[in-house]
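**Student:** Which chain is which? The protein sequence lines are W and G, in order. All residue numbers for the first sequence refer to the working numbering, where the first residue is 1 and numbers rise by one. All residue numbers for the second sequence refer to the working numbering, where the first residue is 107 and numbers rise by one.
FYI, nobody ran anything at the bench for these hints, they're computed from the structure. Please read all numbers here as calculations on a predicted model, not as lab measurements. You may find that some hints are simply not true.
[To be verified] With a straight-line Cα cutoff of 27 angstroms, these simulated DSSO-like cross-link-like pairs (lysine-lysine) come out:
1. 11(W) to 153(G)
2. 84(W) to 158(G)
3. 188(G) to 158(G)
4. 153(G) to 21(W)
5. 210(G) to 13(W)
[To be verified] Taking beta-carbon pairs under 7 angstroms as the criterion, some of the chain G residues facing chain W (in silico):
6. 158
7. 203
8. 210
9. 212
Ideal placement from N, C-alpha and C gives every residue a C-beta, glycine not left out.
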Amino acid sequence: MASALINVPPKAKRGDVIEIKTLMSHIMETGYRHTASGEAVPRDIITSFICRFNGNEIFRADLFPAIAANPFFSFFTSVTESGKFEFEWVGDKGFSETASASISVE
Amino acid sequence: MDQSTRREFFALAGGATALAVTLRPAEATPAMLASAIRNVVGSEPVKTGKVKLDIPPLVENGNTVPMTVSVDSPMAPEDHVKSIHVFNEKNPQPNIGNFHLSPKAGRAQVSTRIRLADSQKVVAIAKLSDGTFWSASVDVVVTLAACTDEVI
Numbered sequence: 001m002a003s004a005l006i007n008v009p010p011k012a013k014r015g016d017v018i019e020i021k022t023l024m025s026h027i028m029e030t031g032y033r034h035t036a037s038g039e040a041v042p043r044d045i046i047t048s049f050i051c052r053f054n055g056n057e058i059f060r061a062d063l064f065p066a067i068a069a070n071p072f073f074s075f076f077t078s079v080t081e082s083g084k085f086e087f088e089w090v091g092d093k094g095f096s097e098t099a100s101a102s103i104s105v106e
Numbered sequence: 107m108d109q110s111t112r113r114e115f116f117a118l119a120g121g122a123t124a125l126a127v128t129l130r131p132a133e134a135t136p137a138m139l140a141s142a143i144r145n146v147v148g149s150e151p152v153k154t155g156k157v158k159l160d161i162p163p164l165v166e167n168g169n170t171v172p173m174t175v176s177v178d179s180p181m182a183p184e185d186h187v188k189s190i191h192v193f194n195e196k197n198p199q200p201n202i203g204n205f206h207l208s209p210k211a212g213r214a215q216v217s218t219r220i221r222l223a224d225s226q227k228v229v230a231i232a233k234l235s236d237g238t239f240w241s242a243s244v245d246v247v248v249t250l251a252a253c254t255d256e257v258i
């Protein structure tokens, strides 16, 4: 069961630059490992992460096997209005998860 | 520990090392690193500066290495960082991650956690809105390598 941890400040002043932190639980199997019997373990990673604010994309990441398990990202955005952040993770084997967080801007 | 078990122990340890070495897939070469960078920058020159790559110079566990890339930029509509690309020299693939920023980001800084399969050079390249590319690189020593020689 996949689960996300999101850290967005609940309140900010207009024009503030805020930090957003996200963590998604995922094995990020590289595809380069082998079992004891020598079989390759197939790749299973998150390939894309997108953050949108009120429908507009504000941050996007392309992930490769060199991103550690349970991908963590921290990034910044300036806020000028209240609204909702939406987060989306997409990956191998049909992996797709979303999360959201709201902020009120004074 | 008596003499015979010591010998067995070393024989076993040596065998395990040899096995790990043979199972390791071909690593990315500096040529692959150069071509991955070319894929992003095209024929534009890459200048050193503006970018700060924050990563520990000595890493105990290559499976999860904290990394922060920040770029000296006003992040204004007319002058901002469009994207940040991170590469490595010796993992099986030269790419680590691409990060696309918005002009509204306020601060050009991204943090994540990466894997490093060996002691190697990590390179961060920033693409600015005026079409120029800036880079920084750090040499990292890894004592426990990530992923590639691991048997599960």
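**Student:** Give me the numbers of the hints this structure contradicts, sorted from smallest to largest.
**Tutor:** Checked against the structure, the hints that fail are numbers 1, 2, 4 and 6, while the rest are satisfied.
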